[in-house]
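Asker: Sequence:
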Amino acid sequence: MASVPREQVSYDTSRRIRLFSNRNFLGFLFMVPAGLILLVFLTYPLGLGIWLGLTDVKVGRPGIFVGLENYEWLFRDHIFWLSVFNTMLYTVVASIVKFAIGLWLAMLLNRHLPFKAFLRAIVLMPFIVPTVLSALAFWWIYDSQDSVISWVLIEMGLIEETIDFLGQPNSARASVIAANIWRGIPFVAITLLAGLQTISPSLYEAAIIDGANEWQRFRSITYPLLTPIIAVVMTFSVLFTFTDFQLIWVMTRGGPINATHLMATLSYQRAIIGGALGEGAAIATAMIPFLLAAILFSYFGLQRRKWQQGGRDD
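Heads up: the sequence shown begins at 345 in our numbering, then just goes up one per residue.
Calculated directly from the structure, the hints in this document are not laboratory data. Just so you know, these numbers come straight off a predicted model, no measurement behind them. Think of the CB as a built atom: it goes at the ideal place given N, C-alpha and C, for glycine as much as any other residue. Mixed in with the good hints, there may be bad ones.
As the list claims (entries may be wrong) - Label-pair distances were calculated between CB atoms; the ranges are:
hint: 1; residue 1: ILE485; residue 2: ILE381; range: 37 to 43 Å
hint: 2; residue 1: THR506; residue 2: PRO470; range: 31 to 37 Å
hint: 3; residue 1: SER544; residue 2: GLY599; range: 26 to 32 Å
hint: 4; residue 1: ALA465; residue 2: PHE589; range: 35 to 41 Å
hint: 5; residue 1: ILE381; residue 2: GLY411; range: 20 to 26 Å
hint: 6; residue 1: THR587; residue 2: MET469; range: 18 to 24 Å
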């Protein structure tokens, strides 16, 4: 058997070393196992959902292909459009407030405070509590008869009778948004705090020497260097909020008069409770463009700050 020339072996070894020293190749290699898991457990259900949305399948009865008929019907369904409005309102308001309060908490916890570790643990508590328990707690807080908020306001003499938080459309919307904000703030705050701690203190020291005030330091140092983290955090916050199901379903079931129905809860109601799997799948599929928009926001937000990772700022 012919032997391989020593020069060829040396070349192959050198090429292999260069390949495994390439950050892009290593990143791809490490992502392959996770990608395969996502392909099996996410891509297949997604494809099945899209296919079901093109059929008239119902629980206990196989359906036939009907094309875009489900989507045409949804286009004329005012409850569906109400759920779209509720979902957009719920997502936009909750995400903005969570970001604002979360950023403020992150900057506060990044300072030298007494009992800082304990305060961080307290801030994280709402996020680690199971969603259903949080929803049940808020359901009791908003109870039309035994609401602790109403009791406090009555004792203070500010109101004379209990407030029906979940019984009126606008108050119900505000109530579920407040519950989502309470639950989502810790994720934003802790993640942004981790990003703040990667910023070198020497940058702030140099800015102080140059006479920059607190707002100028935030605008010129904190915000630019935190932009990649903000893009990722806001993307996940929007995704979690947009697809929220447990909080709404436990608290209101989409009521009163569909005022708190999100696209996720309406899809569940039509598909599982109502038995119209095709219609429910079509509602769920209609969420995809909104989710893609959030992902693209994150992608372009990260690309805009490539220079921070040693790349070229596009």
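Asker: For each hint given before, does the structure comply? Return the numbers of the non-compliant ones in rising order.
Answerer: Numbers 2, 3, 4 and 5, in rising order.
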